[in-house]
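Peer 1: Can you make the complete structure from the sequences, with help from the hints?
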Amino acid sequence: IYQCGLPKEMALELFKPFVMKRLVETQNASNIKDAKKKVDKASPEVWDALENVIKDHPVLLNRAPTLHRLSIQAFEPVLVEGRAIKLHPLVCTAFNADFDGDQMPVHVPLSNEAQAEARFLMLSANNFLKPVDGKAVTVPSQDMVLGSYYLTIDRAGEIGEGSVFRDFDEAMMAYANGLLGIHAPIKVRVSKEIDGVVHTGMIDATLGRLIFNAPIPQDLGFVDRSKPENLLKLEIDFTTKKKQLGQIVDRTIKKHGPSVTAQVLDDIKANGYKYSTLASISISVLDMTVPNEKKTIIAKAEHDVEMIRRQFRRGVLSEDERYECVIKIWEKATNDVIEALKNCMDRYNSINMMSDSGARGSMAQMRQLAGMRGLMFATNGRTMEIPIKACFREGLSVLEYFVGARGSRKSLSDTALKTADSGYLTRRLVDVSQEVIIREEDCGSTEGIWVSDVKDGNEVIEPLADRLPGRYVIGDVVDANGNVLAYDGEMLTLQQANAIVEAGIEQVHVRSILKCKCKHGVCAHCYGADLATSKKVSVGEAVGIIAAQSIGEPGTQLTMRTFHTGGIAGADITQGLPRVEEIFEARRPKKTATISEVSGLVEIQDAKRARNVIIRNAAETGTDVVYPVPYGTKILVESGEYVNRGDSITEGTLAPTDITRIKGLDEAYDYIIREVQRVYRMQDIEINDKHIEVIARQMTRKVRIDDGGDTEMLFGTVVDVAELEAENAAIAARIEAGEKTLRPAIATPILLGITKAALQTESFLSAASFQETTKVLTEAAIKGKVDHLIGLKENVIIGKLIPAGTGLQVYRDIEVEKTASVVEDEDFAQETAV
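Using the working numbering, the letters of the sequence shown correspond one by one to residues 3 to 836.
Treat the hints loosely; a few may be bogus.
[What the hints assert, rightly or not] The calculated DSS-like cross-link candidates involving lysine-lysine, where the alpha carbons are at most 27 Å apart (straight line), are:
no.: 1; residue 1: K38; residue 2: K10
no.: 2; residue 1: K758; residue 2: K787
no.: 3; residue 1: K88; residue 2: K43
no.: 4; residue 1: K23; residue 2: K10
no.: 5; residue 1: K636; residue 2: K457
no.: 6; residue 1: K593; residue 2: K636
no.: 7; residue 1: K235; residue 2: K271
no.: 8; residue 1: K57; residue 2: K271
no.: 9; residue 1: K137; residue 2: K538
no.: 10; residue 1: K244; residue 2: K271
no.: 11; residue 1: K18; residue 2: K88
no.: 12; residue 1: K457; residue 2: K593
No lab work stands behind these hints: they were computed from the structure.
Peer 2: Pasting the structure below:
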């Protein structure tokens, strides 16, 4: 998995200087000029020199668009014939690459430091986990999934069912001789050595599962080994689909580390390809079985639509109501056809196996092949009420084809437009968060956030068990019986998180970047675990960039995903991306809910062109507060009801700026995390809260001065939180020294959109390179600003080493001690011979 195939001519060009040096060293060339001639002629000795040079010299491969850090990885080159770069199939997911002519640039790290970084930090074998959610990225796909699925299904009635075998080899012999089916349930004697004692016994299995289990560690926790009857049981004794393969890889990484995982993955890959080939699963038109109930379902839907039209003609329904009803009827009909299709599909149907295993295709595509295409989108994004009743198996009429063409055109144009939008969002996220780097181990903050299930109404968007792992806990977490589940200052593991949830604890107090006291950047304890390693984050990690990439990279997925379902109504999720943008830019949504700024009893009065919601004797002001509500807007409260400060009065989407102003920052953070998670989770994209917290922290780092007190700050100015805290700390020190009459500054937190926040950063170089360059530079010149070069962009601009990773000053001060001279290969060989 850590190797890539490099065409010989390409490698020769890349490593030319190294090859020339080697030729002179081995006396195959008298000088550099002679060596150059030999390389140009590609003499035989050149290839030997090249082989020697590329040994242990990693190269970097990159695939555009570079959306996240896994788009650039290091590999050990292997010389190959031909004119194509060769890549391991399992790293394709990280690059989002496929084998249809993708192009990749190759870079050669020159210095020893660069080579060391490539080998230890960027080698593909060290990058199994996604920084976005800490799950494995090297999960087998397509043919490999199909092969694994084929191996692990069981099928009654196959040849050799019920046979008993002495061992695995005997079962393989029976299979080779055509006396045993690979899916037939059989009994096999197996033996296993545990603590020096050999245990032997019979187990129920299929030959396929025995083959699949051979390379897989038998201690991944899928089977409870504490029970004696499970001692010899196969670890993977169930049908393996893509999701289960992901769990196997995840658990292998966490339990056995990268080197074992690399071997296991290679074996799964080899078995997957071998048995998907042997299975020879193919597609035929006859595999697309149209359900018999389809005619009845469509006839009923047509009848219901006719009834709705009659009611509309009689004036019982408005135009909008009629449209809504028709759409609902056809959506229900489509879902009924899907259910009928699921029930009539044979378990061993080729298309069903491909979809069920997760290798390729989905129910949405199967429905178009053998069910009905259903409702489509028009070019304006509105759902057309003429459904396509036919499926591709039956063939489309001219009108249906035409309706379908509109839907397809919409999804293609959306893909093109939204890719640009997503890229722009990523750019803004990077710009606002690029200065967030892990600066120190622990800032000593005792504040944190209370973490619980993220809910939307009664629906759980993100469970507590997903939010806890990798967080440092504040105070002991104790269950009802007084047992300590996690101690103060401990980093929570997945097991502890599950134990906390099982104990019925609904919220936990944890450290968070939102409350970090670091002046620049954040500290390792407030951030918690590095998701790409599952260990504590290192000082110097550029967590801001990682957060921006983690949110931006699936953003392109959000937009591109419409493409595969061919513009079917209900699958167009382009509204997902604009919603994320709206939250991060802190814009007011179109239909904003009115929030009560006070607590008190409600009274509703009719007024001219509106209704007034009056809150009597508000607890905060003692006066009446009036909110005019236009007709047509739904009021959520009733007369006589008591409302609290921050409750919604009307229907609509909450504006994050209102929440910050009325309910405070903590509620605003909760809102941002909940809303962003909702958009991504709807698309089955998991993003860790930390990444959203990084952006939320950057959006709220400014405050508006309400009263400058005895500081030098002016009323109404917008300053950085750190600046305010520094000024107030100075005043506090003077008060302690005896100047009792001094007053600290008072400020209100403000929520800035990411574009505004990026432009108001302390660094004028970073802001100028982002947007509105002239304006930024003019202001910087007028104010005589100084750029302290704290973030990444400003250092890149002036050509300095970036203050992140190994470029951090902490690491630059380390001196390497040379304890012994490096032994050359040849010298070593001679010494051992002696």
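Peer 1: Against each hint, give a clear statement of whether it holds in the structure.
Peer 2: Consistency of the hints with the structure:
1. K38 / K10: 17 Å, holds
2. K758 / K787: Answer holds: K758 to K787 is near 18 Å, not above 27 Å.
3. K88 / K43: 25 Å, holds
4. K23 / K10: 18 Å, holds
5. K636 / K457: 23 Å, holds
6. K593 / K636: Distance ~11 Å between K593 and K636 Cα, so the pair holds.
7. K235 / K271: 23 Å, holds
8. K57 / K271: Since the Cα atoms of K57 and K271 sit roughly 25 Å apart, the hinted pair holds (cutoff 27 Å).
9. K137 / K538: 16 Å, holds
10. K244 / K271: 13 Å, holds
11. K18 / K88: 21 Å, holds
12. K457 / K593: At roughly 21 Å apart (the allowed maximum being 27 Å), K593 and K457 satisfy the hint.
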